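Visitor: This is what each chain is made of:
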Amino acid sequence: MIIFAFVAASIAEFSSKAGKLLSFTIGISYLDTVIACMLAAAAAYVIVPSFALQANQAVEAATIGAPFVEIGIPPIMGIISALVLAIIVGMASSWGESKILSGAVIEFRNMIEHVIKGFIVPAIPIFIACIFAGLSAKGELFGTMSVFGKMLVLILILQVVWLFIEYLVAGIVSKQNPLIMFKAMIPAYLTAMGTMSSAVTMPVSLKQARTVPFINKKIADFVMPLCANVHLSGAAMTLTISAITVSLLTKGSLPSVALIISFILILGVIEVGAVGVPGGSALAAIGILQSTLGFGEAEIGLMLALFMIQDSFGTATNISGDGAIAMIVNRFFGKEDDEEATIKEK
Amino acid sequence: MKFGLIPKLLLGLGVGIIIGFYGPDWMIRFTETGNMLLGNLIKF
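As they're listed, the protein sequences go chains A and B.
Following our numbering, the numbering of the first sequence begins with 1 at its first residue and continues without gaps.
Following our numbering, the numbering of the second sequence begins with 1 at its first residue and continues without gaps.
Calculated directly from the structure, the hints in this document are not laboratory data.
These numbers come from a predicted model, not from an experiment.
In this text, a Cβ means the ideal position worked out from N, Cα and C, and glycines have one as well.
Be aware that a few hints might be false.
Said to hold, decoys possible - Straight-line distance between alpha carbons at most 20 Å, and here's what the computed SDA-like set of lysine to any residue pairs gives:
#, chain 1, residue 1, chain 2, residue 2
1, B, Lys8, A, Ile126
2, B, Lys8, A, Ala123
3, A, Lys138, B, Lys8
4, B, Lys8, A, Val121
5, A, Lys218, B, Gly23
As the list claims (entries may be wrong) - Which residues of chain A face chain B? A partial, calculated answer using Cβ under 8 Å:
#, residue
6, Phe68
7, Val69
8, Gly72
9, Cys130
What the hints assert, rightly or not - Selected chain B positions facing chain A (Cβ under 7 Å, derived; list incomplete):
#, residue
10, Lys8
11, Leu9
12, Val15
13, Gly16
14, Gly20
15, Phe21
16, Gly39
17, Ile42
With the sequences and hints as input, model every part of the structure.
Guide: Now the structure itself:
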């Protein structure tokens, strides 16, 4: 439901403004997210087995009491069906210029956002308490916590490395000094760390990007708000690393490379529309964690706990990376000659 | 006084660990029920 709501509404909203600049920016953001996840996955495959070994050797889980009641709530449809339906409905509403359908999917997305903000996010600490009560009772807590601590450090290091790579590539492509943009984005990084919200940080990142002399202000006005919604490389990296680690922790083996590649490719699409609420990216990814990696409640709970704890760093990486995307877009669309086209696109 | 999400998460984590270690069996079963219900709802 979350995937359908976010993706269909994003397509309906963006397609109505479709153009070369939009497609290019979204394409670059998707590519950036996928490459970031591939890097994260490669690092996780090499590093995670070394610190997860202790957890594998942990004592056998103790048996605990069963739940008082067992109520299955199967999702309305599978993840791929939801994604394909969202793309079809989003595009059809835009191409057919159906204001009613476009309005309906956007309203549905807003409604789901309210449910996430009003019910799911407040319930997550209770969910985490339930998960960790089970882990402690089974005697699996210490192995899990030790692995989680190391994984958190790995995630934070990789996010910084990825920012460095993003700005290096942006500097090479745009033939401009990436340090100027990077310095300009520091206030946005700190704001994102404090607020954990791309939407709240966006005005800061926009203001800072506009101060960079070689960036066309019209490009900054277009790219920064758009990327605050569609570019979530930091969040996607966290999800990839924690998915691999949790898989090793709970199933005792790493997921196959083919499985992780398909997970990353779908995750990149889902992340495009998964912004607006804290933890939205993790919640939107639950479907593929279930369908692709076969995660159950315990695995998803562990993923949510870890994601929420690092969310401020992830959001800061997402927002700071937008500056690098703006540099690349500016290289191709930022010339004075393109200004008219830029205005038309907008 | 309002708490942010991270303090609430850490509180949830701490309470969960204490219940897991020291809670009676019925309380563990209660948290397992919450785990199952909330997990299913979030996945829905």
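Visitor: Taking the hints in turn, state whether each one holds.
Guide: Evaluated hints:
Taking the CA atoms of Lys8 (chain B) and Ile126 (chain A), the gap is about 9 Å. The hint holds against a cut of 20 Å. Note on Lys8 (chain B) and Ala123 (chain A): the hinted pairing holds, with a Cα-Cα distance of about 10 Å set against a maximum of 20 Å. A C-alpha spacing of about 23 Å is found between Lys138 (chain A) and Lys8 (chain B), which places the hinted pair above 20 Å, so the restraint is violated. Between Lys8 (chain B) and Val121 (chain A), the direct Cα distance comes to roughly 11 Å. Compliance with the 20 Å bound is thereby established for this hinted pair.
Of the supplied pair hints, the one linking Lys218 (chain A) and Gly23 (chain B) is violated, its CA atoms being roughly 60 Å apart against a limit of 20 Å. At about 5 Å, the closest approach between the beta carbon of Phe68 (chain A) and any beta carbon in chain B falls short of 8 Å, and the interface hint on this residue holds. Interface hint at Val69 (chain A): satisfied, since its Cβ lies 6 Å from the closest Cβ of chain B, which is below the 8 Å cut-off. Annotation: Gly72 (chain A) was flagged as interfacial toward chain B, and the flag holds, the nearest CB pair being 7 Å apart, inside 8 Å.
With a least beta-carbon distance of about 4 Å to chain B, the hint placing Cys130 (chain A) at the interface is held under the 8 Å criterion. With its C-beta approaching chain A no nearer than about 4 Å, Lys8 (chain B) sits inside the 7 Å limit, and its interface hint holds. The restraint placing Leu9 (chain B) at the interface with chain A holds, with a minimum CB-CB distance near 5 Å, inside the 7 Å limit. Restraint check, Val15 (chain B) versus chain A: the minimum CB separation of about 5 Å is within 7 Å; hint holds.
Restraint check, Gly16 (chain B) versus chain A: the minimum CB separation of about 3 Å is within 7 Å; hint holds. The interface hint given for Gly20 (chain B) is met, as the beta carbon of that residue sits about 2 Å from the closest beta carbon of chain A, less than 7 Å. Residue-level restraint check for Phe21 (chain B) holds (minimum Cβ-Cβ distance to chain A is 5 Å; threshold 7 Å). For Gly39 (chain B), the shortest C-beta to C-beta distance to chain A is roughly 3 Å, which falls under 7 Å, so the interface hint holds.
Given the 7 Å rule on beta carbons, the hint for Ile42 (chain B) holds: about 6 Å separates it from the nearest Cβ of chain A.
Of the numbered hints given earlier, the model fails hints 3, 5; all others are met.
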